[in-house]
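J.: Please work from the sequences and hints to get the whole structure.
In this text, residue positions in the sequence shown follow this note's numbering: the first is 21, and each later residue adds one.
No lab work stands behind these hints: they were computed from the structure. One or more hints might be untrue.
Label pairs and their in silico Cβ distance ranges [unchecked claim]:
#, residue 1, residue 2, range
1, S143, E102, 20 to 28 Å
2, S190, I48, 42 to 50 Å
3, K152, F58, 37 to 45 Å
For glycine and all other residues, C-beta sits at the position ideal for the given N, C-alpha and C.
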Amino acid sequence: MNRAISKKQKPSHRVVIFWSVIGLLTLIFIILVIVQFFNTRESTLSDNLINLKEEQVLNQEGTYYVYVYSRVGVTESKLELEKAEDLEPLINKYITYVKKHSNANKIYGMVVDSGTGTFGNNSRLVDGETAKTDVEGVSEFGKLWIHVDDLPILMKIEGKRVVKAFTTESAIREELDRVME
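T.: Printed below as a string of structure tokens:
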């Protein structure tokens with residue numbers, strides 16, 4: 021009688037394999053969820069860049085850069101979004117550079133999307149064949165004119181006056197790479 025009670029049943033190989041596969045699949049699923057979570061949490065330009073509103077653009081102290089860009093696109097073709105996407109790693113790299121080098125010129129953002137909650141900077145955009153970007157030498161926000169086809173642009177500001185504007189992707193790259201050397 022005691023012999024029947026003390027006899028343990030060994031699980032079959034099929035049961036062991038089945039539960040091993042279930043455990044392995046569960047572990048893989050958990051790892052994929054964790055990896056996906058961290059991939060979606062990569063920092064974006066909006067997280068790292070302080071965006072200025074209207075008169076703040078020309079009222080910061082010292083020498084600094086203002087990166088003028090659109091988050092949602094202001095033209096029908098939305099080509100400015102592709103250009104901004106190509107420049108985003110460089111802008112983030114420069115933001116990191118500024119954090120590590122206290123003597124480096126700061127960089128701020130200027131969002132020019134239309135609509136509410138967009139810092140009121142959309143009024144500075146111009147469009148049309150005769151209109152052009154006119155920012156160099158400007159010391160008042162109301163006199164900044166940025167052509168939509170030039171977006172995004174980088175402005176260098178010294179003493180509350182725009183001293184230089186970089187309107188092409190290559191010019192922006194050259195300037196920031198030169199400064200980070």
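J.: Okay, which hints does this one fail, numbers in order?
T.: When the structure is compared with the hints, none of them turns out to be violated.
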